[in-house]
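Student: Residue strings, one per chain:
There are 2 protein chains.
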Amino acid sequence: MARLYHAPLSPFCRKVRLALAEKRIEVQLIEERYWEASPDFLRRNPAAKVPVLQLDGRTMAESSAICEYLDETRADPPLMPKDPTQRLEVRRLVGWFDDKFHSEVTSKLLYERVNKKVTGQGYPDSGNVKAGSKAIKYHLDYMHWLLDHRRWLAGDVMTLADFAAAAHLSSLDYTSDVDWNRSAVVKDWYAKIKSRPAFRSILADQVPGFRPPPHYTDLDF
Amino acid sequence: MARLYHAPLSPFCRKVRLALAEKRIEVQLIEERYWEASPDFLRRNPAAKVPVLQLDGRTMAESSAICEYLDETRADPPLMPKDPTQRLEVRRLVGWFDDKFHSEVTSKLLYERVNKKVTGQGYPDSGNVKAGSKAIKYHLDYMHWLLDHRRWLAGDVMTLADFAAAAHLSSLDYTSDVDWNRSAVVKDWYAKIKSRPAFRSILADQVPGFRPPPHYTDLDF
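Line order of the protein sequences matches chains C and H. Read in order, the letters of the first sequence correspond to residues 925 to 1145 in our numbering. Read in order, the letters of the second sequence correspond to residues 925 to 1145 in our numbering.
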């Protein structure tokens, strides 16, 4: 069976978990204390990052490379459109969330509040938390703008862009950092993706010392 | 004609410039003071980042999304292998350089020394510079390890992985931050890619206030 070395609230791992589940690939989840960079783990991925996927007799790293590989080797269901211009838009948005949103929001809220404690790096920096709380509003507004005239983030069909965004937002939802009242269209989009069977494993995540809010698992939040 | 809004030493812009030149797409280069985030520029890319490419009647952002688009719409010469496993390796390495190398090396050396001054953010942080100088050695050793049994970084053919790496290293070479004596195979690889016609525009870059070392443009460095 496939194996995924992961960390429960890592948005990069969640993106891969969503892609695996949509493609109906059964996977054994193994929690990896990646920050300890054990020799075994470094052999799997010298970048010392999760996710690392073992599948098809290979060990794979880098979440976006893995997702594109899954889509290229398993056609059903497609997670990327066929048209190059639409693919460009999917990849632009994956980059938006995994780079811009990650550095402006995820690293400033989730990493300050959860990762620092879990990895023994001390207390949250309140300046970072404040900056992240401010930045997430701007990002939700951008998502609102996109979803106001599109069914899914990159167009008419669900793609890896939706998984990248949902991966970050679901991790931030675990720490009550998402104001779902800010935009009805963003909330509707999240409700739609949250109710997919692929999301179940993510909603079952538990991080010791951090209890998610009741609405975290509620499909009717 | 195609237009590229760019910054001369940006490795992300250089990667796209290399891909455009290999595909023989003529492009007008327009220097963008992206940190000023003018309304015109934000309309082109709300992420406020370079590169932004205008081509095929569209405005495109995110360097990796652009490079994949160029390869999907212009087959000759191919910049990605056809096999999914090899494509995974190319994308893993693009991620390695644009994410890990970028945060551990480029942002700590080039951004401290050049970008801070150009964008009026003050003086280099010596702790960052020291960390970057230490980290680049480890990355050159990793490249040595890869190139010791491969012709190009991701395998037998030149790919976007080589452009991503060469884009970062060429920018760092402009500020004399690369010790080419560390590995003969890495130096040979760089000499090979540096001598390609696609590299000419990059070797002609000039940033006021920063003079590159004589070997920067020398193909026989």
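It is worth saying that the hints were derived from the structure and are not from the lab. Treat the hints with caution; some may be incorrect.
[Claimed, not checked] Here are the computed lysine-lysine pairs in the DSS-like style, where the Cα-Cα straight-line distance is at most 27 Å:
no., chain 1, residue 1, chain 2, residue 2
1, C, LYS1024, H, LYS1111
2, C, LYS1058, H, LYS1040
3, H, LYS1040, C, LYS1024
4, H, LYS1054, C, LYS1024
5, H, LYS947, C, LYS1006
Student: It remains to establish, for every hint, whether it holds in the given structure.
Tutor: So, going through the hints one by one against the coordinates:
For the hint pairing C/LYS1024 with H/LYS1111, the CA-to-CA distance comes to about 33 Å; that exceeds 27 Å, so the pair is violated. Distance hint between C/LYS1058 and H/LYS1040 is fulfilled; the C-alpha atoms sit about 24 Å from each other, no more than 27 Å. The suggested pairing of H/LYS1040 with C/LYS1024 holds, with an alpha-carbon distance near 19 Å, which does not exceed 27 Å. For the hint linking H/LYS1054 to C/LYS1024, the alpha-carbon distance of about 26 Å falls within 27 Å, and the restraint holds.
Note on H/LYS947 and C/LYS1006: the hinted pairing holds, with a Cα-Cα distance of about 21 Å set against a maximum of 27 Å.
Checked against the numbered hints listed earlier, the structure breaks hint 1 alone; every other hint is satisfied.
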